[in-house]
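K.L.:
The residues making up each chain are set out below.
There are 2 protein chains.
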Amino acid sequence: MSTPFDRLGPDLVTTDPEVVASFARDEAALGVAGGAGPLAVLSPRSTADVAAALAIAHEHRVPVVVRGAGSGLSGAAAAPDGSVVLSTRRLARVLEVDPVERLAVVQPGVVTGDLRAAAAEVGLFYPPDPGSVAFSTVGGNVATNAGGMCCVKYGVTGDFVLALEVVLADGTVTRTGRRTAKGVAGYDLTSLLVGSEGTLGVITEITVRLLPAPGPASTLVATFPSLGAAAAAVAAVTRAGLDLSMLEVMDRTTLDAVDRLTGMGLGADGTPAAMLLAQSDTADAARALEAMAALCRDAGAEDVVLADDAVEGEALLEARRQALPALERLGDWILDDVCVPRGRVVELLEGIERVAAAQALTIGVFGHAGDGNMHPTIVHDASDPASVAAAGRAFEAITALALDLGGTITGEHGVGRLKRDWLARELDPGAMAMSRAVKAALDPRGILNPGCVLEP
Amino acid sequence: MSTPFDRLGPDLVTTDPEVVASFARDEAALGVAGGAGPLAVLSPRSTADVAAALAIAHEHRVPVVVRGAGSGLSGAAAAPDGSVVLSTRRLARVLEVDPVERLAVVQPGVVTGDLRAAAAEVGLFYPPDPGSVAFSTVGGNVATNAGGMCCVKYGVTGDFVLALEVVLADGTVTRTGRRTAKGVAGYDLTSLLVGSEGTLGVITEITVRLLPAPGPASTLVATFPSLGAAAAAVAAVTRAGLDLSMLEVMDRTTLDAVDRLTGMGLGADGTPAAMLLAQSDTADAARALEAMAALCRDAGAEDVVLADDAVEGEALLEARRQALPALERLGDWILDDVCVPRGRVVELLEGIERVAAAQALTIGVFGHAGDGNMHPTIVHDASDPASVAAAGRAFEAITALALDLGGTITGEHGVGRLKRDWLARELDPGAMAMSRAVKAALDPRGILNPGCVLEP
Numbered sequence: 001m002s003t004p005f006d007r008l009g010p011d012l013v014t015t016d017p018e019v020v021a022s023f024a025r026d027e028a029a030l031g032v033a034g035g036a037g038p039l040a041v042l043s044p045r046s047t048a049d050v051a052a053a054l055a056i057a058h059e060h061r062v063p064v065v066v067r068g069a070g071s072g073l074s075g076a077a078a079a080p081d082g083s084v085v086l087s088t089r090r091l092a093r094v095l096e097v098d099p100v101e102r103l104a105v106v107q108p109g110v111v112t113g114d115l116r117a118a119a120a121e122v123g124l125f126y127p128p129d130p131g132s133v134a135f136s137t138v139g140g141n142v143a144t145n146a147g148g149m150c151c152v153k154y155g156v157t158g159d160f161v162l163a164l165e166v167v168l169a170d171g172t173v174t175r176t177g178r179r180t181a182k183g184v185a186g187y188d189l190t191s192l193l194v195g196s197e198g199t200l201g202v203i204t205e206i207t208v209r210l211l212p213a214p215g216p217a218s219t220l221v222a223t224f225p226s227l228g229a230a231a232a233a234v235a236a237v238t239r240a241g242l243d244l245s246m247l248e249v250m251d252r253t254t255l256d257a258v259d260r261l262t263g264m265g266l267g268a269d270g271t272p273a274a275m276l277l278a279q280s281d282t283a284d285a286a287r288a289l290e291a292m293a294a295l296c297r298d299a300g301a302e303d304v305v306l307a308d309d310a311v312e313g314e315a316l317l318e319a320r321r322q323a324l325p326a327l328e329r330l331g332d333w334i335l336d337d338v339c340v341p342r343g344r345v346v347e348l349l350e351g352i353e354r355v356a357a358a359q360a361l362t363i364g365v366f367g368h369a370g371d372g373n374m375h376p377t378i379v380h381d382a383s384d385p386a387s388v389a390a391a392g393r394a395f396e397a398i399t400a401l402a403l404d405l406g407g408t409i410t411g412e413h414g415v416g417r418l419k420r421d422w423l424a425r426e427l428d429p430g431a432m433a434m435s436r437a438v439k440a441a442l443d444p445r446g447i448l449n450p451g452c453v454l455e456p
Numbered sequence: 001m002s003t004p005f006d007r008l009g010p011d012l013v014t015t016d017p018e019v020v021a022s023f024a025r026d027e028a029a030l031g032v033a034g035g036a037g038p039l040a041v042l043s044p045r046s047t048a049d050v051a052a053a054l055a056i057a058h059e060h061r062v063p064v065v066v067r068g069a070g071s072g073l074s075g076a077a078a079a080p081d082g083s084v085v086l087s088t089r090r091l092a093r094v095l096e097v098d099p100v101e102r103l104a105v106v107q108p109g110v111v112t113g114d115l116r117a118a119a120a121e122v123g124l125f126y127p128p129d130p131g132s133v134a135f136s137t138v139g140g141n142v143a144t145n146a147g148g149m150c151c152v153k154y155g156v157t158g159d160f161v162l163a164l165e166v167v168l169a170d171g172t173v174t175r176t177g178r179r180t181a182k183g184v185a186g187y188d189l190t191s192l193l194v195g196s197e198g199t200l201g202v203i204t205e206i207t208v209r210l211l212p213a214p215g216p217a218s219t220l221v222a223t224f225p226s227l228g229a230a231a232a233a234v235a236a237v238t239r240a241g242l243d244l245s246m247l248e249v250m251d252r253t254t255l256d257a258v259d260r261l262t263g264m265g266l267g268a269d270g271t272p273a274a275m276l277l278a279q280s281d282t283a284d285a286a287r288a289l290e291a292m293a294a295l296c297r298d299a300g301a302e303d304v305v306l307a308d309d310a311v312e313g314e315a316l317l318e319a320r321r322q323a324l325p326a327l328e329r330l331g332d333w334i335l336d337d338v339c340v341p342r343g344r345v346v347e348l349l350e351g352i353e354r355v356a357a358a359q360a361l362t363i364g365v366f367g368h369a370g371d372g373n374m375h376p377t378i379v380h381d382a383s384d385p386a387s388v389a390a391a392g393r394a395f396e397a398i399t400a401l402a403l404d405l406g407g408t409i410t411g412e413h414g415v416g417r418l419k420r421d422w423l424a425r426e427l428d429p430g431a432m433a434m435s436r437a438v439k440a441a442l443d444p445r446g447i448l449n450p451g452c453v454l455e456p
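If you read the sequences in order, they're chains C and E. Note that the numbering used here has the first sequence beginning at 1, numbered continuously upward. Note that the numbering used here has the second sequence beginning at 1, numbered continuously upward.
Just chain C, same shape as in the assembly (with noise of 0.2 angstroms):
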């Protein structure tokens, strides 16, 4: 079939249906996708290629949708019929990482865990890690504005992102932020740009600043009785103000789970309510961790663990970094992301609880326990529509309990296509008029990514 980013040549552009066709989705769970499908895949060598792709998008009004390594569980890549994908996997190198100025420049689709090795080579850090830091890129990373076990004491990918280059809408290649430590000449259109999902402009280069190399962490890992002790535990945590590096729990149904994977013998003495897993790796790292075996403790833990050694402390972490694969084994499984006010985790746990008994599903939850970001996992079967129903309910119910709470529909993995209907259900009337007003300012015949994060 021909289509008018033929004149990109044959090197860029791929329009054999079945490859095309697997573009069609990511990694969210929820029905997103179907139909014919997009167009073509983009695979453009250079941001010039980029801005030639936009040009004749926009020329001819066709969607365009970023896919990076197609990771995302929103569905902001999921790409809906008639669009183009613009792939970013040959835009994959790192192109500078200055010790000097602490900062890296890559392109998008270098894969994070490559970026984190290359600071580390010259002694420094870049600290988000998102679940996916294995596999997915940077580019997607600064789309979404991914979290990761680093954000209770570093922050999330946005905190890190000085600058981009990027192609707008009509092929226009511009570049916002800097590369110095401060500057506020004019908009932050660097932090609009981030976190939108490929919506409002197609990011072509990004400059992150980097820290010092922390020493190693320690470890502590602590079982409870209850989710309630666990979270007493980490408000305990919380108050006296340790300086942790991670702060994550984890549920019964998830540790079940993992148990099975892994057969690590979590429950040898009857699976524990909760997990809770931290590192720290300020310089006085095993001080603030007695100090939380202390208050876990204090907090009803039964077995309390800690490890200075890294190897060990790697160890201890595998239960937390097979949660989601082991629940993925239960079925099929919708992965939700709300992020509550610290101090209402029990009831948002509670409340999930609740949901599980009501529709009579299994639902796993393991999350950043530091920053009030849970991961509900919903296990259903999909070849059974009273499942597939029931799970939709529960997904509902949840997200809509993470509202009540005073939280959000989404902590860190975006709004995609999966909750866009939910936007409107937490911000204001202003706040989503203020947001069609940039989208429609940026994009006016709105070829990025419609459907994704606003109504198309």
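Note that these hints are calculated values from the structure, not bench results. Do not rely on the hints blindly, as some may be mistaken.
[To be verified] Which bits of chain E does chain C cover? Going by a derived footprint, with three or more residues having C-beta under 8 angstroms, they are:
{"no.": "1", "stretch": "174-188"}
{"no.": "2", "stretch": "191-200"}
{"no.": "3", "stretch": "332-343"}
{"no.": "4", "stretch": "369-378"}
{"no.": "5", "stretch": "440-453"}
No experiment lies behind these values; they were computed from the predicted model shown. Cβ coordinates follow ideal geometry from the N, Cα and C atoms, glycine included.
Position chain E against the provided structure of chain C, taking the given hints into account.
P.N.:
Same frame as chain C, but now just chain E:
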């Protein structure tokens, strides 16, 4: 004189010509005001008052200039002829300090130092500390994305803003952001408003995140025989990744001025060419500063003084706090605010010396060495047209030099009216077009601080 704002009632509206005239300028010293001055000063008592004022301004297309303490240094609060000034002086309550969620909610007119004190009362820490911390307001700090001495470790004001209540150009009241630790629901409208200098909306409530209070800081002061030696020490400290919460510099001109003002005896053996002042507030602060002391001596430091004691440390910092007041005593002054990559600071300082010599002016330099953010202060005689012209040429040359070095025209003071014509020298045409499109989308009638940041 009657105005369309009279319907707000005499309690909220001042048209007394003498009072109103005093609002035609802020602390920006380059001639940016003049003429008939603003029409009226409005002093709303509530968000609803602000909304009512904006609705009238929108209907009658009257420019609105928001003003906190009026301590801005870039003319953002210098109200043009025919505008109304919207003072935040009555919107000055700390509404909430929540130790569990580690956040505070304040009205924009709260003095920044008062917010810091309110946080400290519950053992928490609001880091932003612009030089004006004792009298500038949180609203003004947010509107300019103010910096300070904390930035080398903690970042700028915007890094602490979680949520805003804002009144849009037409009087619509809305909220952006969230109270949770993380959240990616929709565009980052909060960051777009931070630093927008009153041109996109009127901020009526600010939610900031707080940190656990750090331990008492240790302090180091070192003097150097040359600017190059001081800069080499800064580079070595940066490479070593020492955890410093402050890293400031003052040049000989500034030190001489401080000595004259305070009689501190900084120049007992001849004033040094440069002084570095550093603090660390981590658990191993003493070790970090011992390491810094060694690096300073390696770089050729003359004297290195360390203080673990907070009172002694404050005494050591007094010289830095007196830098601007001391330079102000030398005559009329223009304070510049440029930021360059850390590795280019020496070139900037040497260039400023050449500019001072070429224009036969005294230019004192102090600033945030750890960020590359310098405040060259051009002393001149405002009653002598030749001196004013020379000062203007020096300002031009220094700001242009910062751009040539890969820096920015403003590190923390903002564009305001002072540097409006510089913005297009820093941003490329695409970013300028994006900025204008955003402005037009959110303020279609152009009533919000017209002529600030962008051309009216």
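K.L.:
If a hint holds in the structure, say so; if it does not, say that too.
P.N.:
Hint by hint, here is what the structure shows:
Coverage of a stretch by a chain is defined here by at least three residues with a beta carbon nearer than 8 angstroms to that chain's beta carbons; for the stretch 174-188 of chain E and chain C the count is 14, and the condition holds. By the rule of at least three residues with a Cβ nearer than 8 angstroms to a Cβ of chain C, the coverage given for the stretch 191-200 of chain E holds, with 6 such residues. For the stretch 332-343 of chain E, the stated coverage by chain C holds: 5 residues have a C-beta nearer than 8 angstroms to a C-beta of that chain, and at least 3 were required. By the rule of at least three residues with a Cβ nearer than 8 angstroms to a Cβ of chain C, the coverage given for the stretch 369-378 of chain E holds, with 4 such residues.
Three residues within the 8 angstroms Cβ limit are the bar, and the stretch 440-453 of chain E against chain C gives 4, so the coverage statement holds.
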